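Position chains B and C with the ligands relative to chain A; hints supplied.
Protein chains in written order, with the numbering used here: chain A, 4 to 250; chain B, 6 to 692; chain C, 331 to 567.
If you are wondering where the hints come from, they were derived from the structure by calculation, not from laboratory data.
As the structure is a prediction and not an experimental result, all values here were calculated from the model.
Be aware that one or more of the hints could be misleading.
[What the hints assert, rightly or not] Which bits of chain A does chain B cover? Going by a derived footprint, with three or more residues having C-beta under 8 Å, they are:
1. 76 to 90
2. 96 to 109
3. 158 to 165
4. 207 to 216
5. 223 to 236
[Stated by the list, open to error] Capping the alpha-carbon separation at 30 Å, the derived lysine-lysine pairs in DSBU-like fashion look like this:
6. B/Lys419 <-> B/Lys335
7. C/Lys439 <-> A/Lys9
8. A/Lys9 <-> B/Lys593
9. B/Lys71 <-> A/Lys151
10. B/Lys71 <-> C/Lys338
[What the hints assert, rightly or not] Covered by chain B, per the in silico footprint, the following chain A stretches (three or more residues, Cβ under 8 Å):
11. 114 to 122
12. 131 to 138
13. 190 to 204
14. 241 to 250
Quick reminder that beta carbons are idealized off the backbone N, C-alpha and C, glycines included.
Below, each chain spelled out in residue letters.
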Amino acid sequence: MNLTLKIWRQANATAAGAMHTYTLDGVSSDMSFLEMLDLLNEQLLHQGEEPIAFDSDCREGICGMCSLMINGQAHGPEVTTTCQLHMRSFNDGDTITIEPWRADPFPVVKDLIVDRSAFDRIIANGGYISANTGSAPEANSVPAPRDKAQRAFNVATCIGCGACVAACPNGSASLFLGAKITHLGELPQGQPERYSRVATMIAQHDHEGFGGCTNIGECAAACPKEIPLDVISQLNKDLRDSIKQGY
Amino acid sequence: MASSTADLSGLVAHNEPSVQVSDDAAGFYTLGDKLVDPKAPTGPIKDRWTNRKFDNRLVNPANRRKLDIIIVGTGLAGGAAAATLGEAGYNVKSFFYQDSPRRAHSIAAQGGINAAKNYKEDGDSVYRLFYDTVKGGDYRARESNVYRLAEVSANIIDQCVAQGVPFAREYGGLLDNRSFGGVQVSRTFYARGQTGQQLLLGAYQALERQVAAGTVTPYSRHEMLDVIIVDGKARGIIARDMVTGEIETHLADVVVLATGGYGNVYYLSTNAMGSNVTAAWRAHRKGAYMANPCYTQIHPTCIPVTGAHQSKLTLMSESLRNDGRMWVPKKAEDCAKDPRDIPEEDRDYFLERIYPSFGNLVPRDIASRAAKYMCDEGRGVGPEVDETDTDGNPVKRRRGVYLDLTAAIARLGKAAIEEKYDNLLDMYERITGEDPYAGPMRIYPAVHYVMGGLWVGYDLQTNIDGLFCAGEANFSDHGANRLGASALMQGLSDGYFVLPNTIRDYLADGPFEKIAEDHPAVLEARAGVEAQIERFMSINGTRSVESFHKELGQIMWEYCGMERTKEGLTEAIAKIRALKAEFWTNVKVLGSADSLNQDLEKAGRVIDFIELGELMCIDALNRRESCGGHFRAESQTPEGEALRHDEEFAYVAAWEWGGDSLEGHNPVLHKEDLIYTAIEMKQRSYK
Amino acid sequence: MATTELVKGVRATRSTIALKLAMAASGIIFILFVLLHMYGNLKAFAGHDAYNEYAEHLRTLGTPMLPRSGALWIIRAVLIVSLIVHVAAAVALWRRASRARSTKYQVKKNVASSLSSRTMRWGGLTILLFVIWHLLQFTIVKIDITDGSTGNEDPFNLLYNAFHGSAWWMTVIYLLAMIALGFHLHHGTFSSLQTLGMTNTATSRARARIAGWAVAIVIAGGFSLVPLFIAFGVITK
Ligand SMILES: Cc1cc2nc3c(=O)[nH]c(=O)nc-3n(C[C@H](O)[C@H](O)[C@H](O)COP(=O)(O)OP(=O)(O)OC[C@H]3O[C@@H](n4cnc5c(N)ncnc54)[C@H](O)[C@@H]3O)c2cc1C
Ligand code: HEM
Ligand code: HEM
Ligand code: SF4
Ligand code: F3S
Ligand code: FES
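Okay, chain A solo, but in the shape it has when bound (with noise of 0.2 Å):
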C-alpha cells in the first residue's frame, strides 16, 4: 500500500519541531508499524536525509519501549503497542499522523523518542518492597491468597510505556502509579509499607510535574496491557488510608 505519514520531527530536546510529511510506497499489511517506519528510514537514508528517531527494543509488546502517538491515539487503534500494530489495521492512500507521546514530565529527545525517566524515579520513591538480599524468609511461609495474587500479577503486567500518560487529557501517570500500588498492596510481603509506598509515589508523581486524575479513563482504555481503572481506586483508596494513618 501506499501512505502519506505526517510525522514530528525535532533535532533535540531544545529546538523546534515541525510536522514533516512524507510519502511511502510499497507497505505490506504484514508489515508492524515499526517495520513500516524503518522502510521509511532506508528510504530517508538514500535520500541522504536523517533517519527518524524512535524507540524500540522487543518489538514484541513486553518491554514498553515503543511509543508513538498515531492518528491521535496512543500505540495507534488497536488495543496493544505500536510494535505489534500491524499494517493491516490501514488502508492503502491512509495518512497517518504520528507524534511523541505530550506530557512536559516526558520531554522530547529527539523527533518521536521521549524521556520517560520521570516513571523510574516514582518507582525509586517508593515503588518496591524493601527486601535485602539474602534476608528472604522460605518462600511458602507466608501464604497469599490466590485471588489477591491473581489480582497483583494482572496489574503487575505494566510495561511503564506511558501510554496511559499520553492519552489522559490532564497527562495524569495515574494508571502507572496505581497498577504498582495495586500490585504491591495486594501481597501480604507489600503490606508493612503500604501506606507510606503510596505517599511517596504520589509525592514524586506530583513533583514530576504529571497532572491530577480526574477519572477520564482514556488511559485504560489506551493501556496495552489493559490495566483497569480499579487501580485508580485503589490508590485514591490507599492514599486516603494513608492519610489516616499519618503520612
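The following block gives chains B and C with the ligands in isolation, referenced to the frame of chain A:
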C-alpha cells in the same frame, strides 16, 4: 537412576582430558596454551560453594563506600547484582542502553524459572537439578558451576517472593509449579506467560530502591564501547551518552559485564532490537576470551518470517507442541494451498514419521532441524521469502511448517484450548492476521539463546583481573544446550548470590590506586572509540548499516545455523570477511556523532557482530562433533542423530583475539578440559 | 517542571489525590444540598402557601435552639466553605493539567471518555456563573424580572414571576444551566465514588456509572420541572 551414580566426593575423575584428532579449522586459528581456571574449587562438590563463600575475604563496611563498581546491564544478572552490591554499601554505577533499567531483554522471558524446592515432593533435589542441567547441556558445562546454580536456585525463589514477584499460586495460597522442557519433575515457578517480566521488575525495583538510597547511580541510554585496562586490571569503561553523543570515561575498582546474549548476530532472532555483543566483544578485543561462541539455541516454535521487511521474530511457548501436530504437505505443489483443503493422506506429519516414539515432543534442536529440512526440500508453507541459495542465486522459499491444533480442538473443545493457550493464540493472530482456531498455525525455528559468551572462571571473573561477566553474556552454566527455565535461574543466581560474594573477595585487596582520567591507558581506550566513530561517519558509502546486518544474518543462518558443515562454514568465513571489507568502505551513516544517532549506534554493533560471526564459524568449524545446539552434518549416527565425540571435544573452547583477519591475523584457541567427577558422560538419547 | 530528584519530607495531604478527595467531599455536599433544594422546589406544585410555608420552615428550623435562620446559615456556611474548597481544588488541578501538557497534539482522539468527563471544568464554570446569578435573583437581591423590582419577599411569587409568561428566556437559561449541571453530575457522581476508592472492581465501577446517570437525571430533571411547569402554565398562582 541418576542419584545411584552420584559420587559427590569430587575425587574420582570419570574421564580423561580429551585429545583432538580432527583439525577442520586448520589455517583459521592458532593453538594456544591450555586454560585452567585459577579459581576452580576442589573437594566434595556439594561443599564447594559453601567453602568458597567462607574463604572469600570480607570488605570492611566503612571501606565499601570508597569502592566503585561498574555494572553494565540491568537484566536479571546485572540488575540483581547492582541492587545487591548497592545494598552492601558499595558505590555502584549501572549502565544500560535503554531508557529505563526495566527494559532489559530479560523482560521477554515467558515460561518460567527452575528451582530445586521439591514442593511437589516428586523426587526433586539439588542433585537432580544439577544432573538434569549438565545432561541437558550435553556434557559441555562445568560441573562445579552447575552444582552451585542448582544449590542457589531455592534461595532465588525466596528472594523473589519477598520482593513481591507475583508467582502463580495454588488455592491454598502456596506457590504453584509446572514441569517444563521435558523434565519429569515439577520445578518450574512461573507468573503466567510473563515470568521474566515479573522477575525483572523485582530486580528493577530493588535497583531503584538503591538509586534512591544513593548507592547506585543509573546511566540510561549509555552504551559501553570499551573497557579500560590498567596494569592488567579492568579499571573502568568508555561509554557513549547516546543522547548527547559525548564519549565518557568512567573509572572503577571492578567492572561487571551483564550485557545479555548475542543472538542478533543472525539478524533475526527472538532477542530485542538492541541486544548486542558490543560490550563483550570490545572486552574480547582487549584480551578477554570468548568461549564456545558457536553454541546457539534455536527454538522450534516461533512465528515465521513474513517477508524481507521482517525485523524480529517472536517466540511462541513450546507448550503448544503438547497438543499440536507438526506437518507439511507431501507434495510441493500443495504448499500454496489453503491447508484445510489438503486431505489427510497428502499431509506429512514429519516428526511423528521420523521419531515415532517421541513424535511432536522431540527436543528443541531435533524439532528445529526437521522443520528446516522440510522447508529446504521445498515443502515449507506460508508466504515466499527471498533467499540466496548455496550457489549464491536468489531463490524464493517458504519458511514455515504447520502446527495443527485442529485435532485437539475437536477433541477437547475450543473453550479448553482457548483457556490453555489464550494469550499465545491472540498474539499469533495479531502478528499473522490469521485465525489460529480456523486452521493450523504456521511456525518456524528461530535463534533464541546463545550458550557461548565471555569465558569466566568459577568466580565469574574473565581472564582479565577485575573484569567479571554474568548472565547470558558469559558462557558458564549451560554447556552446549540450555534447558528451558534455566537462563532466568542463572541470571539471578549470578546477580543476587554469586557475584556479590566473589567480587567481595576481589575487592578485599582494594581500594586500588586511583587512576587519573588522563592515564595513557584511559586516553588510548578513549581515542580508539573516538577514532572508530569518526571512521563510521566518514566512510559515506552507499549501503545502510541495516543491509550489512541482514546480509550477515543470512550468511550465519544458512551456514552456521541449525546444521553446519565443513564446506559451508569455510565458505561462510570467506563471505563474512568480504562483507567486513565492504563494510569498511561502503557503509553509510548520516547525521552527526554528537547527537542521538541510531544508525551510528547500530554501525558499532553490526561491525562487532560481523567479527563475532567470523569467530563463531571458526569455532563451529573446529568442533567436528554434534553436541547440543551445535550440529555438524559430518558427525551423526546412521539414523541421522547428533553424535558427540567426548574423546576429542570434552573441552571449553576459549578464544583469544589474535588481531584483525583482514590484516592476516588468526584467533588463538585455548582449551579448558571438562573433567567430570559427580556425573558420568553419556550419549544423549531420545529414541 | 521535569526534575531529576526524589522528593523528601512527603505529606500525603499535599498530593493531587488529597485535592481530589477534597473535591469529592465538597462535590458530595453539593449533591446532598441540591437534592434537598430540589425537593423543596417541588413543593411549588403544592401551591403558593405550601411552598412559602416550606421556605419559612427552612428559616425556623432548629429554633429555639438556634436563632431564626440559624440552620440556614449553617447550611450556607458549609456551602460557602465547600464552594471555596471545590473551586480552589478545581483551579489547582486545572493549572496542573495544562502545565502537564504545554504542547498539544496535532491530532487527538478520545475513545473511552464521556463528554461530561472532559467538560467538567467548563461545566463547573457555567454552574458557578449560574449560581452567582441565581443567588442574586433569589436570595441576595431578590430580583423580580417581570418588573425589575428587588426585594420581593414572597418566595413563591418571586419564583413564579421568574419563569412565567414573558420570561421564557429565563426558563431557557435555567434549562441550559440544568443541562450543565446534569453533565457535571453525570461524571461527578461516578468520579467522586472513584476518588473515594469505592470502585475497585469492574462491577462496582459499572454501578457507579449508573449512579452517575441516575443522579444527573433525577437532579437536572427534577429541577427542570418547576420552571417548565410554570412556563407552560401548569403551576399557577
Ligand atoms: C523471548 C525469550 C523468552 C525466554 N524465555 C525464557 C524462559 O522462559 N526461561 C528462561 O530461563 N530463560 C528464558 N529466556 C532466556 C533469558 O530470558 C535470558 O537469557 C536472560 O534473561 C538474559 O539475562 P541477562 O541479564 O543476561 O541479559 P539481558 O536481560 O539481555 O540484559 C542485558 C542488559 O545489558 C545492557 N547492555 C547490553 N549491551 C550493552 C552495552 N553495549 N552498553 C550498555 N549496556 C548494554 C542492556 O541495556 C540490558 O540492560 C528467554 C529469552 C527470550 C529472548
Ligand atoms: C461552582 C462551580 C463548580 C466548579 C468550578 C466545579 C468544577 C469541578 C471540577 C473541575 C471537578 C473535577 C472534575 C473531576 O474530578 O472529575 C469537579 C468535580 C465534581 N463536582 Fe464540581 N464544580 C462546581 C460546582 C459543583 C456543584 C454545584 C456540584 C454539585 C451539585 C458539583 C459536584 C461535583 C462532584 C460530585 C464532583 C466529583 C468530585 C470527584 O471527582 O471526586 N460541582 N467539579
Ligand atoms: C431550576 C432550578 C432552580 C430553581 C427553580 C431554584 C430556585 C431557588 C429559589 C426559589 C431559591 C430561594 C429560596 C429561599 O430563599 O427560600 C433558591 C436558593 C438557592 N438556590 Fe436554587 N434553584 C434552582 C437550582 C439551583 C441549583 C442548581 C443550585 C446549585 C447548584 C441552587 C442553589 C441555590 C442556593 C445556594 C440558594 C440559596 C439558599 C440560601 O442560602 O438561602 N439552586 N433557589
Ligand atoms: S499502565 Fe498501561 S499504559 Fe500505563 S505505563 Fe503501564 S502498561 Fe503503559
Ligand atoms: S485518563 Fe487521566 S484523568 Fe485519570 S482516569 Fe485516566 S488518568
Ligand atoms: S518495543 Fe518492546 S513493547 Fe514495543
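Taking the hints in turn, this is what the structure says about them:
1. 76 to 90: holds (count 4)
2. 96 to 109: Violated, because only 0 residues of the segment 96 to 109 of chain A bring their Cβ atoms closer than 8 Å to Cβ atoms of chain B.
3. 158 to 165: holds (count 4)
4. 207 to 216: It is violated, with 0 qualifying residues against the three required.
5. 223 to 236: Result for this restraint: violated, n = 0.
6. B/Lys419 <-> B/Lys335: 28 Å, holds
7. C/Lys439 <-> A/Lys9: 16 Å, holds
8. A/Lys9 <-> B/Lys593: Satisfied, since the Cα-Cα distance of roughly 25 Å is no more than 30 Å.
9. B/Lys71 <-> A/Lys151: Distance of about 43 Å is beyond 30 Å: violated.
10. B/Lys71 <-> C/Lys338: 25 Å, holds
11. 114 to 122: holds (count 5)
12. 131 to 138: Holds, because 8 residues of the segment 131 to 138 of chain A bring their Cβ atoms closer than 8 Å to Cβ atoms of chain B.
13. 190 to 204: holds (count 3)
14. 241 to 250: It is violated: at least three residues are needed, and the segment 241 to 250 of chain A offers just 0 whose Cβ sits closer than 8 Å to chain B.
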